[in-house]
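K.L.:
Produce the entire structure from the sequences given, and follow the hints as far as they go.
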Amino acid sequence: MLHTILFLIFGGICMAGALNFLLQRHPVNSALSLIVVMGALALLFLLLGAEFVAAVQVIVYAGAVMVLFVFVIMLLNAGEEEHTMGNRVALFLGVPGLIVFFGLMCWTLGRSQLGQVQIGGYYVPTQELGIALFREFLLPFEITSVLVLIAIMGAVVLARKERQ
Amino acid sequence: MLEYIIFAVIKIALLLFILLTAVAYIVLMERKVIARMQNRWGPTRVGPFGLLQPLADGVKFILKEDVIPDSVYKPLYIAAPMIALILSLISISIIPFGGAWTIDKYHIPLQTTAFWNGSGIQDINIGLLIILGITSLGVYGVALSGWSSNSKYSLLGSLRASAQLISYELALGLSLVGVLLLAGSLSLRQIVDSQAGSLLNWYFFGGLQFIAFFIYITAAYAETNRIPFDLPEAETELVAGYHTEYSAMKFAMFFMAEYCNMVTVACLSTLLFFGGWHSPLEGLHLPVPGIWLMISPLFWFFIKVFFFIFVYIWVRGTLPRFRYDQLMAFGWKFLLPLAIANIVVTSLVLALRS
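Chains as they are written, first to last, in the numbering used here: chain A, 5 to 168; chain B, 1224 to 1577.
The hints are simulated quantities; they were obtained by calculation from the structure and are not laboratory data.
Check before you lean on any hint, since a few could be wrong.
The list that follows gives simulated cross-link-like pairs (lysine to aspartate or glutamate, DMTMM-like), each with its CA atoms no further than 20 Å apart [what the hints assert, rightly or not]:
#	chain 1	residue 1	chain 2	residue 2
1	B	K1375	A	E84
2	B	K1375	B	E1253
3	B	K1297	A	E85
4	B	K1234	B	D1293
5	B	K1297	A	E84
6	B	K1375	B	D1293
7	B	K1283	B	E1253
8	B	K1234	B	D1346
9	B	K1328	B	E1460
From a predicted model like this one, the values you see are computed outputs, not experimental measurements.
P.N.:
Below, the structure written as structure tokens:
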């Protein structure tokens, strides 16, 4: 019961943030509502008992990635954007696509057996998470970090100006 | 259930009162100590030895006109100081100040976010991560205030601040990993309890984490925008940095947030490196056993915190400000590799020992 109420509250905050993100005209406001979404997601993780993931969600996404977003928006001094009525392709492909997507989602959710979950139902202590990551899944973990490293190097290469 | 709520409310009220009073008097202490270091008197006029100066400052902040410049972006301009203050107040609620007090049949842990679960104290078992997360959000107060002020000095100050805070967060987080490896827990209470005993069990001495401590304290000075890393508000270049356009209570909120963060940093260095509320000598008791046993943890904790706050002021009185490129190079090229080296060495030693 309590879990349902909390889930609805945080899920609602999350959805409201996401909608506000789309509807706001100013990039800074959009970025701030994205932070709200991140925070609400962290709380949803916490409800499931994934405490480490929740903390990392706040530290990495809300505390570092979004700071860089806000930083870039401030640096470029991006102004308000103009809303147009949208183009035809979006109208003729997007709206039916959205309807199909929602229909599929409802159909799948209706067919599947939905289980129940309690507060902290998937509780994993940080120690166990660390052991799983660094013993059982060491290779995928390291490969992911190499992937991130390659992405960083790519960004540096793209951002660097050629010397004249 | 009801008594938990009552105790929680009492604890929150007490903590807020003590913290805000402490902040006011840390400001006075800073002015006094800096003055004595520069052969001046500091504030002496209000009350004996200037002791009522914080009260006068508070009244001044409340009574001053609250100017909101025309061209600011109002919602964020008003929200920014609140974000800064609220986040700094939340982060101190995770700090444990001592064991539990037993009054009558109730056991009251000296920590806002902990309760007695029947046999022991239950606190947040990722307390340290939560503090890091909340302090990493603190940058928004600074960044948004600078941007929404619509003034170039504020904007430059907040750009500097966000770049600086992100850069030093890495070194700060990595410097704590050594302690976490030794303690094997993220709960602040367990980290402190694993340092129980004498001075030699503290991670600064016994765990040989002094390099980690110096990285931590340096990065924390940068995180709290204090000299020698106070470039976001360098008054010789940027008027007052991100809070140039703020006046009266809004300015005071930034001010309070900065000093609350100082207190949090001092508390964290006490908890993580200097044994928290444990006394430096095993079983050091004065000849008044009953009440002393209750107060002694608080006494040791506050003595240590006081010392770190004094060091903050001492550093401010001693060191000049960095240049911005020096600041970045220092953070990325010196502190970060050193912190990683500390992790490698600590884990090697731990692996060899086990």
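K.L.:
The structure should be examined with respect to each hint, and the outcome stated for every one.
P.N.:
Structure-based check of all given hints:
1. B:K1375 <-> A:E84: holds, 19 Å
2. B:K1375 <-> B:E1253: Between K1375 of chain B and E1253 of chain B the Cα gap is close to 30 Å, so the pair fails against 20 Å, i.e. violated.
3. B:K1297 <-> A:E85: holds, 19 Å
4. B:K1234 <-> B:D1293: violated, 41 Å
5. B:K1297 <-> A:E84: holds, 15 Å
6. B:K1375 <-> B:D1293: holds, 15 Å
7. B:K1283 <-> B:E1253: holds, 19 Å
8. B:K1234 <-> B:D1346: Distance of about 15 Å is within 20 Å: holds.
9. B:K1328 <-> B:E1460: At roughly 59 Å apart (the allowed maximum being 20 Å), E1460 of chain B and K1328 of chain B break the hint.
Checked against the numbered hints above, the structure violates hints 2, 4, 9; every other hint is satisfied.
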